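Sequences listed follow chains A and B, in order.
So the first sequence is residues 1 to 369, counted in the numbering used here.
So the second sequence is residues 1 to 369, counted in the numbering used here.
It cannot be assumed that every hint is accurate.
Which copy? The list can't say, so a pair holds if one copy fits it or any two copies do.
To be verified - Taking lysine to aspartate or glutamate pairs in the EDC-like style, the calculated list, with each CA pair at most 16 Å apart, reads:
#: 1; residue 1: Lys355; residue 2: Asp312
#: 2; residue 1: Lys354; residue 2: Glu310
#: 3; residue 1: Lys181; residue 2: Asp162
#: 4; residue 1: Lys355; residue 2: Asp233
Hint data in this document are derived by calculation from the structure and do not stem from the laboratory.
This structure is a prediction, so every number in the text was calculated from the model and none was measured.
Number of protein chains: 2
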Amino acid sequence: MNTHFHAIIPAGGSGTRLWPLSRRATPKFLHDVLGLGRSLIQATWDRVAPIVGEDRVWVVTGENHFDQVAEQLPHIARGQIIAEPSPKDSAAAIGLAAMLIAREDPDAIVGSFSADHSITNVDEFRLVIDQAVAAAETGDIVTIGIMPRNPATAYGYIETGDLLGLDGAPTARRALAFAEKPEASTARQYVNSGRYRWNAGMFIAKASSLLDILAEEDPALYSGLARIAEAWDTPDHDEVLSAVWPGLEKRAIDYVVAEPAAAAGRVIVIPGDFGWDDVGDFDSVARLRQPVPGEPRGVISIGGNTDLLEVDASGVVFSEGPRTVAIVGLEDLVVVDTDDVLLITSRSHAQDVKKAVSVAGERGLDELL
Amino acid sequence: MNTHFHAIIPAGGSGTRLWPLSRRATPKFLHDVLGLGRSLIQATWDRVAPIVGEDRVWVVTGENHFDQVAEQLPHIARGQIIAEPSPKDSAAAIGLAAMLIAREDPDAIVGSFSADHSITNVDEFRLVIDQAVAAAETGDIVTIGIMPRNPATAYGYIETGDLLGLDGAPTARRALAFAEKPEASTARQYVNSGRYRWNAGMFIAKASSLLDILAEEDPALYSGLARIAEAWDTPDHDEVLSAVWPGLEKRAIDYVVAEPAAAAGRVIVIPGDFGWDDVGDFDSVARLRQPVPGEPRGVISIGGNTDLLEVDASGVVFSEGPRTVAIVGLEDLVVVDTDDVLLITSRSHAQDVKKAVSVAGERGLDELL
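Construct the entire structure; sequences and hints are all you get.
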């Protein structure tokens, strides 16, 4: 265990494509979306804490979710749950966490791991992260590139270059560029080329390297975060936070750090194939929970004590109650049965669930959001 | 108003294709399936009572439904609700009612009208029934033939012959034969020939004619019913009923009366096109409630105070509660949201709902049936 390696878990985002399971008050990462007995943030903790050590895990989340995070993660020090007064995207969240960590450990290496992703092969994940930490010793920014399962248009891509032959990171390559979510035809070219990998949004770097780039690329954001970090453990904490935070720019860490670093030839990519999924919508959930190909597909129940009656049907049912759910003649259905909302859609329309949330918002049904 | 014309409303059948709305304890005819403010049996009363007069309407139903029928039809004399100890199909039900009516009115003409059908053009229905009553004066059995909307395989057909030129029944024709529910190819031939009409299961006849045929075709059933009718208003009622009823044969009136009469050239058919539907499944319900062709189709809510959020969706939602129902990217969906069962199917699979009921039965989930 590298005692300078710290994990940052950004726990934000509303997860509207997983509505009405995921709500403003209880977003996706707080739910056991996959029905495996642990919420997504708990599963993230379970993966990451054994790698970095429990006392080197940090969570950045909205202040309205602080108590729920603390309750779900009983072994985290409350001082390592960083509460944001409002969402300011990942550059502010990760930047602030990196500063607070670097204050305590100037030689820190930080790794950022989303609170709401799924990884099925944790042993392989660990081996990949070990390589990433070794590669981060170079001072470069290290990211993980996932082998594309299909020409997805929902993910950004990383163009990979030559093997670097680094000690402790034998599969590390130079990252030539980050590409934003592509059109379908471009995505096919990427996948066919064999040179592109999905950007899973994981970054591993020396805190000092990351903060140097942040200072250079966005001095205003950097200095704002520095003021907050300086006052963090002082009586001025609340005053400085409420004075500075609202004025911070909302920017993604990808734009502020990763892309400039790639352009300067300072990003390394470690190929990682460990069953990563961003659990972005109910189609992801169904894919992660359906039986393996070749086995009969049916209806899978997640949560609750739901009895299922299925006739020529397949899909997933999320239910909080003990009602019987009967599905007749529908394939790849998605049903979410909560106390106040019943959602019915199909796996192929899982992306459109956010439209229903928009409609609910337009109608002023705020209690459902 | 013909003061010898009496209506019999057989109110039986479990309506499993409308489960979980329709249950053993509260079958289809007791529900406002179409969301029009009246249950199907109430709507039948509303159609029929003005034609025959309120004091000449009789209902035959299971004894476990007696109280609910009496409550839903406050203007019917309780003595004209005939309670069956167990289901014995339509020959016993209509035969017994005809006997009880004939005892009071030997010149009675009886008309049998199912408790769970829908008719949209009641004025036209009344004109057709007026013709049927006139035609029944001949002593023949009169039935109503519905113009087929499509080559349905779910209905029996009536083969029609020549116009008869009867007084008061100008469109009456000879019925050549009854045809059972056909195969699809046969149904297409029927419809293309122009000579076949749907058998809507309505019969109008002199009670004496109907009972004569019953006596001839099924003497055992006739004599059983006669013993029960004789004891009906006596202290022996319960004893005779419980001794005789269980032994009665289960037979449909079509086989015992209509088909033999047709073979003997004694059935008349009145063509009737008044928006008849047997409300057999949720596809029927959706067709009866969807907007007219050309108008935008959406999701229709029946019952409850359900809010709907629809995105690229159409279909019907039955809901008992005030939950919001969101449907995303599914066409012709059927959702039935009851306290203990949630059913989801499509209009095209509406016939298969009975399979889910079978599965529930096989699993011993009797409380859901």
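Cross-check of the supplied hints:
1. Lys355 - Asp312: between (28 Å within a copy, 10 Å between copies)
2. Lys354 - Glu310: between (27 Å within a copy, 12 Å between copies)
3. Lys181 - Asp162: Cα proximity of Lys181 and Asp162: none, with 23 Å in one copy and 72 Å across.
4. Lys355 - Asp233: neither (42 Å within a copy, 65 Å between copies)
In summary, the numbered hints that this structure violates are 3, 4.
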